[in-house]
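Novice: Sequence:
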Amino acid sequence: MTKPQVASSAQDSTSLLVSNYDLDATLTSGQAFRWTKSNDCWLGVVSGHAVRLTHTPDAIHAQSFPPVSDWHWLSDYLQIEVNLGNIISTFPKDEPMKRAVAHCQGLHVLKQDPWECLASFILSSTKQIVQIQQIIRSLCRCFGDPLQSFPDVPTQYTFPSAEALAKASEAELRACKMGFRAPYLLRTAQAVDSGAVDLERCRSVEVEEAREMLMTLPGVGRKIADCVLLFAYGFQEAFPIDVWVLRALRELYFPNRVVTLKRLQEFASNHFAPNSGYAQQYLFHFMRMTAGRRAK
DNA sequence: GCCCAGGTGAAGC
DNA sequence: GCTTCACATGGG
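Using our numbering, read the first sequence as starting at 1 and increasing by one per residue.
It should be emphasised that the hints constitute simulated quantities derived from the structure, not laboratory data.
It is possible that some hints are incorrect.
[As the list claims (entries may be wrong)] Simulated crosslink set (DSBU-like; lysine-lysine; CA at most 35 Å straight-line):
1. 127 / 93
2. 93 / 177
3. 167 / 93
4. 111 / 177
5. 177 / 223
6. 98 / 262
7. 37 / 177
8. 93 / 223
9. 111 / 93
10. 223 / 262
11. 167 / 111
12. 37 / 223
13. 98 / 37
14. 167 / 177
15. 167 / 37
16. 127 / 111
17. 111 / 262
18. 98 / 127
19. 262 / 127
20. 98 / 167
21. 111 / 98
22. 127 / 223
23. 262 / 93
24. 98 / 177
25. 177 / 127
26. 37 / 127
Between the sequences and the hints, there should be enough to build the whole structure, so can you do that?
Specialist: Right, here's the structure in full:
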């Protein structure tokens, strides 16, 4: 629920009323890579706005630069209207899922810009989250546009457009330390910029067709496609399986058995339906938060 | 030095 | 079809 807004006048801040929302868990769970925290205040860029967020028990307080009269872009990004209780009630009532839910109170799945999400996850393969953040920071400094921002923070940059990256050279991209992912990002940027692949079209087709479209892009396989389907397009049935989730499925659901990735993918989309995407994100965050201290 | 990280694509059976 | 391997880079 948002506070009633005065439609005509721009405001530099607002409060979004929330219940059962954990901003820290949401912004640190490996969905989005550009948020930084200092003094209990999250700083990021959403829809071309520099944003600062703080959290109290019943509200997320937001500041925008420049001021705006409509905050829908932010409440949509944060998915504050989503009722977590309803979603969690659809999870399987098994022991692993109960433990994951207990560790992830208030974790929401964001709704991000498709291009930013796609490009970010192309850069994510076999990288730790801190390194993905470093690469993307460097990419935004080199190819994004400097943003009018709060006077007391470093310059913020927009996420570079497909057009901007399509014009870059592979060597310039490699200078952002993305290694072998550089040609993937470059060729994908060119495909999106040229219109060969239309990211807007994924909004109006079924999940299978959207996944097929995304997987035609270089550097985009099943896992990265599923991340974009879930984190940008809101397909709740997507279930990205990375090394952490693979570990979760094998250790918690199929201990001492040999199960192929394909078989696990089939199991997951049935077992965790209809909100498998949320379930996946809870398992992912649970595994990372408890790494090294989980009883096997 | 080693192994691992929100994988993918190509080459080999 | 399935398995194996190279691919850059940095953290632990």
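Novice: Does each hint hold? Answer for all of them.
Specialist: Hints and how they fare:
Simply put, residue 127 and residue 93 have alpha-carbon atoms about 33 Å apart, close enough for the 35 Å limit, and the pair holds. Between residue 93 and residue 177 the alpha-carbon distance is near 43 Å, which puts this suggested pair outside the 35 Å criterion. Our distance criterion of 35 Å between C-alpha atoms is broken by residue 167 and residue 93, whose separation comes to about 50 Å. Taken as a hint, the residue 111 and residue 177 pair is honoured in the structure, with Cα atoms around 27 Å apart against an allowance of 35 Å.
Among the hinted pairs, residue 177 with residue 223 is consistent with the structure: their alpha-carbon atoms are about 22 Å apart, no more than 35 Å. For the given pair, residue 98 sits about 25 Å from residue 262 by alpha-carbon distance, which is consistent with the 35 Å threshold. A hinted pair counts as satisfied when its Cα atoms are at most 35 Å apart, and residue 37 with residue 177 qualifies at roughly 23 Å. The suggested pairing of residue 93 with residue 223 holds, with an alpha-carbon distance near 25 Å, which does not exceed 35 Å.
Taken as a hint, the residue 111 and residue 93 pair is honoured in the structure, with Cα atoms around 26 Å apart against an allowance of 35 Å. At roughly 12 Å between alpha-carbon atoms, residue 223 and residue 262 fall within 35 Å of each other, so this suggested pair holds. The hinted pair formed by residue 167 and residue 111 meets the criterion: a straight-line CA distance of about 28 Å does not exceed 35 Å. For the proposed pair residue 37 and residue 223, the alpha carbon gap of about 28 Å is at most 35 Å, so the pair holds.
With a C-alpha separation of about 29 Å, the suggested pairing of residue 98 with residue 37 holds against the 35 Å cut-off. Proximity of residue 167 to residue 177 is assessed by CA-CA distance (about 18 Å); at most 35 Å being required, the pair is judged to hold. Distance check on the hinted pair: residue 167 and residue 37 sit about 32 Å apart at the alpha-carbon level, within 35 Å; holds. Distance check on the hinted pair: residue 127 and residue 111 sit about 23 Å apart at the alpha-carbon level, within 35 Å; holds.
As the CA atoms of residue 111 and residue 262 are separated by approximately 27 Å, the hinted pair is consistent with the 35 Å bound. Under the criterion of a C-alpha separation no larger than 35 Å, the hint pairing residue 98 with residue 127 is consistent with the structure, at around 29 Å. At roughly 23 Å between alpha-carbon atoms, residue 262 and residue 127 fall within 35 Å of each other, so this suggested pair holds. With a C-alpha separation of about 48 Å, the suggested pairing of residue 98 with residue 167 is violated against the 35 Å cut-off.
At most 35 Å may separate the alpha-carbon atoms for a hinted pair to count; residue 111 and residue 98 meet this at roughly 25 Å. The suggested pairing of residue 127 with residue 223 holds, with an alpha-carbon distance near 14 Å, which does not exceed 35 Å. With a C-alpha separation of about 24 Å, the suggested pairing of residue 262 with residue 93 holds against the 35 Å cut-off. Distance check on the hinted pair: residue 98 and residue 177 sit about 39 Å apart at the alpha-carbon level, beyond 35 Å; violated.
The hinted pair formed by residue 177 and residue 127 meets the criterion: a straight-line CA distance of about 11 Å does not exceed 35 Å. In summary, the hint linking residue 37 to residue 127 is supported, as the alpha carbons are separated by about 21 Å, within the 35 Å threshold.
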